[in-house]
Amino acid sequence: MACFITNKISVSPQQTFLSDSFFSGSANVAEERKLRAVEPNYKETIAEAGLRRRMSRIVKMGVSAGLACANGADGVDAIITATGLGCLADTEKFLDSVVRNDESLLNPTAFIQSTFNTIGAQIALILKNSSYNVTYAHRGFSFESALLDAMLRIEDGDARNVLVGAMDEITDLSFAVMERLGFWRNGAVMGEGANFFLLSGSKSSADDVALVDVATFMNRKEEAFDKCVQGFLSRNNLEISQIDVLLYGSSDKSYCLGGVCSAVSEAVDYKKYCGEFPTASSFAVWLGAEVLKRGALPCGKTLDGAKRVLVYTDYQSVNRSLILLEI
Amino acid sequence: MENLINDLKAQLIEELNLEDVTVEDIDTEAPLFGDEGLGLDSIDALEIILLLEKYYGLKIENPKSGKDIFFSVKTLADYITANRK
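Going down the list, the sequences are from chains S and H. Here this note's numbering is used: the first residue of the first sequence is 1, the next is one more, and so on. Here this note's numbering is used: the first residue of the second sequence is 1, the next is one more, and so on.
None of these hints come from the bench; they were simulated from the model. Because the structure is a prediction, the values reported are computed rather than measured. Where hints are given, some of them may not hold.
[Unchecked claim] If you want the ones that stay clear, here's a sample from chain H, every Cβ over 10 Å from chain S, calculated:
id : residue
1  : M1
2  : N6
3  : D25
4  : D27
5  : F33
6  : G34
7  : E36
8  : G37
9  : L58
10 : E61
11 : N62
12 : P63
13 : F71
14 : T75
15 : A77
16 : T81
[Claimed, not checked] With the C-beta cut set under 8 Å, the calculated list includes, among others, these residues of chain H facing chain S:
id : residue
17 : N17
18 : L18
19 : D20
20 : D35
21 : L46
22 : G57
Glycine residues also receive a C-beta, built at the ideal position from the N, C-alpha and C atoms.
Given only the sequences and the hints, what does the whole structure look like? Please build it.
Printed below as a string of structure tokens:
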């Protein structure tokens with residue numbers, strides 16, 4: 001049973017938040033190997049100053065995207081969020097105060113806001129929504145885990161509408177630490193963003209995109225992963241030739257995904273738009289759904305009759321995932 | 001006293017991240033908590049306890065007195081003046 005993306009909102013390094021500019025204009029590029037999000041006007045998206053003042057950047061990005069996505073929904077039966085590294089700025093602030101103040105005089109706000117489920121909880125508080133509320137922090141599989149949970153809840157009849165979102169943020173410290181760990185080899189740039197989706201068991205309009213299948217694969221070498229790709233297509237009764245657009249996010253540009261790259265008419269490296277972060281696949285799902293709905297690629301190129309998008313994500317050669325979208 | 005009150009207001013703005021609030025906006029005698037005045041809450045109370053210790057080396061020895069001490073910027077300043085060594 002497919003789920004349908006009845007609404008989607010993206011805060012990303014591109015002009016994507018409630019704007020068409022990304023598809024009609026040019027793309028923003030990285031500065032100092034970082035692709036920072038184009039942030040909304042938070043005074044408009046989170047009107048209450050008392051709430052906003054305690055929120056760090058990732059919380060404001062996530063809450064803004066989540067609230068905009070839930071706006072107009074016919075009820076939200078579950079809120080499922082995902083983050084690979086959580087609220088890093090608040091975590092850094094809290095840990096820094098632990099060290100600087102010799103484990104005393106600890107700032108309560110940074111500690112409270114540093115937890116991974118802060119964004120899901122804030123959205124629920126603002127919406128006064130007491131339904132199922134879960135956060136997945138499974139590094140490179142966080143967003144995929146959230147999607148699978150949402151699909152299961154809809155398929156089992158536990159929910160009609162599920163708000164699913166993912167977010168991660170850049171901090172200068174995390175960039176430096178990850179640089180020492182070799183994350184930015186092969187020209188990768190650090191990215192960030194918050195992408196939210198309203199998933200439903202039925203369409204709300206004729207051009208809603210279906211989220212058909214999600215699969216995760218841990219620690220697979222490329223030869224073995226070729227078979228995973230074939231298995232994924234087979235279980236969806238598809239041939240390679242039936243995939244119209246491939247959105248790939250991988251540091252290994254030479255890997256051809258079992259021949260999919262050469263078979264599709266369009267293959268787009270989506271991480272050049274959003275950068276590398278554990279939940280980057282959430283941007284790809286937003287992008288894939290927009291591509292199918294608009295019949296166009298970012299920055300102006302039109303597509304003729306594209307029906308299927310395959311999203312392939314490789315996070316540090318550890319977490320690989322495939323997500324199939326269809327219109 | 002006026003310098004202390006202005007310092008306190010600036011520290012409250014900084015530590016509580018009071019967006020778009022200036023020292024001039026804060027009424028020295030208005031309540032800090034509740035719907036009037038600054039509308040602070042219990043988490044802010046914890047932050048103010050830390051502020052007093054961090055900037056003035058003061059600890060609230062009797063928790064029951066907190067409500068009176070934290071009533072306004074004026075009462076905070078009075079407490080600091082009376083107890084600062």
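Problem set entry | Check on E36(H) being off the interface with chain S, judged by Cβ distance over 10 Å | holds (14 Å)
Problem set entry | Hint check, L46(H) versus chain S [nearest Cβ-Cβ separation less than 8 Å] | Interface hint status for L46(H): holds (4 Å vs cutoff 8 Å).
Problem set entry | Whether E61(H) stays farther than 10 Å from all C-beta atoms of chain S, as the label says | At about 17 Å from chain S, E61(H) clears the 10 Å cut-off, so the statement holds.
Exercise. Hey, does G34(H) actually stay past 10 Å from chain S on C-beta?
Worked result: holds (12 Å)
Problem set entry | chain S contact restraint on D35(H) - CB to CB distance below 8 Å | Violated, about 11 Å.
Problem set entry | Evaluation of the interface hint that places D20(H) against chain S, nearest CB under 8 Å | This hint holds: D20(H) lies near chain S, its Cβ roughly 7 Å from the closest one there, short of 8 Å.
Problem set entry | Distal placement of T75(H) relative to chain S, Cβ over 10 Å | holds (22 Å)
For this session: Quick one: work out the minimum CB distance from N62(H) to chain S and report holds if it exceeds 10 Å, violated otherwise.
Result: It holds; N62(H) is separated from chain S by about 20 Å at its closest Cβ, greater than 10 Å.
Exercise. Looking at F33(H) again, its CB stays over 10 Å from all of chain S?
Worked result: Answer for F33(H): holds, closest chain S Cβ roughly 12 Å.
Exercise. Does D25(H) really sit off the interface, with its C-beta more than 10 Å from all C-beta atoms of chain S?
Worked result: holds (12 Å)
Problem set entry | Interface-negative label, M1(H) against chain S, beta-carbon threshold 10 Å | holds (26 Å)
Exercise. Are all beta-carbon distances from L58(H) to chain S longer than 10 Å?
Worked result: Non-interface label on L58(H) holds, nearest chain S Cβ at 12 Å vs cutoff 10 Å.
Violated hints, listed in ascending order, are 20 and 22; each of the other numbered hints is respected by the structure.
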